[in-house]
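*Asks:* Position in the sequence shown counted from 1, then plus 196, gives you the numbering used here.
If you're looking for bench data, these hints aren't it; they were derived computationally from the structure. Take the hints with a grain of salt, since some may be wrong.
[To be verified] Derived lysine to any residue pairs resembling SDA-like cross-links, with alpha carbons at most 20 Å apart:
1) K329 - L316
2) K383 - E422
3) K457 - A215
4) K383 - N419
5) K299 - D209
6) K383 - S418
[As the list claims (entries may be wrong)] Pairwise CB distance ranges, derived in the manner of DEER restraints:
7) K476 - G331: 20 to 28 Å
8) N330 - E484: 17 to 25 Å
9) N231 - Q201: 23 to 31 Å
10) I505 - Q311: 47 to 55 Å
Quantities reported herein were computed from a predicted structural model and do not represent experimental measurements. Glycine residues also receive a C-beta, built at the ideal position from the N, C-alpha and C atoms.
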Amino acid sequence: MWKEQQELVRYIDSATQRANVDNVARTKAYLAYYNRHPEITWSFLASMVSRNAGWNITDLYTPVMAGLLPKRTRKRLFSTYERANWLIFSDAYPQLLIYQFSKEQGGPLFHLLQQFNVSLYMRREWKHFWENKNGDRLMQAQIINEQNIIQRPVIEHPYFRKKVFMRLPYLVEDFFLLSAVLFPQHKGSVIGSYVYDFSNLNKRILLGKTLAAKLFDPSNFSNILEFANTVEPTGSRSEYEDFLEIKHPSFRAPDLRAIIKPIEHQDNIREDWSVNGGIKPEWLLPPEVTENDRTFEHFYRKRRMLALIWQVKQSIWT
197 MWKEQQELVR
207 YIDSATQRAN
217 VDNVARTKAY
227 LAYYNRHPEI
237 TWSFLASMVS
247 RNAGWNITDL
257 YTPVMAGLLP
267 KRTRKRLFST
277 YERANWLIFS
287 DAYPQLLIYQ
297 FSKEQGGPLF
307 HLLQQFNVSL
317 YMRREWKHFW
327 ENKNGDRLMQ
337 AQIINEQNII
347 QRPVIEHPYF
357 RKKVFMRLPY
367 LVEDFFLLSA
377 VLFPQHKGSV
387 IGSYVYDFSN
397 LNKRILLGKT
407 LAAKLFDPSN
417 FSNILEFANT
427 VEPTGSRSEY
437 EDFLEIKHPS
447 FRAPDLRAII
457 KPIEHQDNIR
467 EDWSVNGGIK
477 PEWLLPPEVT
487 ENDRTFEHFY
497 RKRRMLALIW
507 QVKQSIWT
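Please work from the sequences and hints to get the whole structure.
*Replies:* And the structure:
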């Protein structure tokens with residue numbers, strides 16, 4: 197039995213590495229998993245957030261952003277998106293596969309989570325889910341876990357802190373709320389939430405819970421899922437801009453795989469954040485979600501503002 201489980205660990209490790217090759221692969225893997233196991237709702241949330249990460253990455257290669265930000269700055273921002281999403285996937289996908297094999301074998305295999313350095317918190321939460329089937333609690337735990345996973349290796353890492361989070365482009369973007377997570381619906385409307393104070397762990401967890409509440413609202417869910425399952429992920433905002441007839445050549449994003457090759461990551465030894473820090477009570481509170489969602493409208497208004505700034509810059513320097 198131990199030999200079989202060790203082979204399973206090796207298989208999960210290999211499958212995770214294959215699916216973690218780039219943003220597009222991660223987006224597809226999360227969605228495919230959700231379609232097989234819809235009780236694990238976090239996987240659909242992760243797929244949609246991963247799509248947004250791809251859009252944010254290719255935004256850096258649009259004429260506007262290439263004209264406003266130096267190449268070095270854009271490369272550092274890409275590294276931040278890529279590193280954070282790679283880390284989350286490398287921790288979360290083995291959890292998902294272990295649950296899958298637990299279902300197939302008819303018994304829990306969550307003791308194997310330790311082989312992948314999964315936090316004690318999540319090991320307990322998976323056991324609780326297996327026994328109680330509380331999907332909302334599991335999704336909340338996964339949101340809390342994923343944001344803690346990236347806190348020290350990315351947000352607090354000296355390189356990213358000095359080169360990204362304390363630099364003017366990030367501070368300006370944060371101050372003017374120029375970044376948002378958007379969920380397109382196949383019938384044409386788009387909902388979402390602004391990303392504010394990304395370096396703040398508590399606010400990222402609140403954002404994740406807010407996005408989950410919007411995504412799984414019955415009035416939104418089926419249309420967003422239809423979009424996800426019918427529109428192929430490319431990493432470009434053209435995925436939804438085309439059917440919304442948004443024409444903005446200066447912000448036209450290329451497909452991600454046309455401009456970015458897969459990169460190798462250093463997988464350092466991970467510390468168990470839940471043992472060192474514990475769970476804050478505020479992380480377990482439900483989010484307050486307003487009905488009037490104008491995120492999409494405001495987001496594109498600010499993109500038009502950036503395009504005007506870029507055009508003024510061009511006219512001055514030409």
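*Asks:* Against each hint, give a clear statement of whether it holds in the structure.
*Replies:* Okay, the hints, checked on the actual structure:
Between K329 and L316 the alpha-carbon distance is near 19 Å, which keeps this suggested pair within the 20 Å criterion. For the hint pairing K383 with E422, the CA-to-CA distance comes to about 9 Å; that is within 20 Å, so the pair holds. Taken as a hint, the K457 and A215 pair is honoured in the structure, with Cα atoms around 14 Å apart against an allowance of 20 Å. The hinted pair formed by K383 and N419 meets the criterion: a straight-line CA distance of about 7 Å does not exceed 20 Å.
Restraint check for K299 and D209: the C-alpha separation of about 19 Å stays at or below 20 Å, so the hint holds. Restraint check for K383 and S418: satisfied, since their Cα atoms lie roughly 10 Å apart, inside the 20 Å limit. Taking 20 to 28 Å as the suggested C-beta distance range, the pair K476 and G331 conforms, at roughly 22 Å. For the pair N330 and E484, the beta carbons lie near 22 Å from each other, so the given range of 17 to 25 Å is met.
A beta carbon spacing of about 27 Å between N231 and Q201 agrees with the range 23 to 31 Å that was offered as a hint. Separation of I505 from Q311 is about 50 Å and conforms to the stated range, judged on CB atoms against 47 to 55 Å.
Figure legend: structure checked against the earlier numbered hints; every hint is met.
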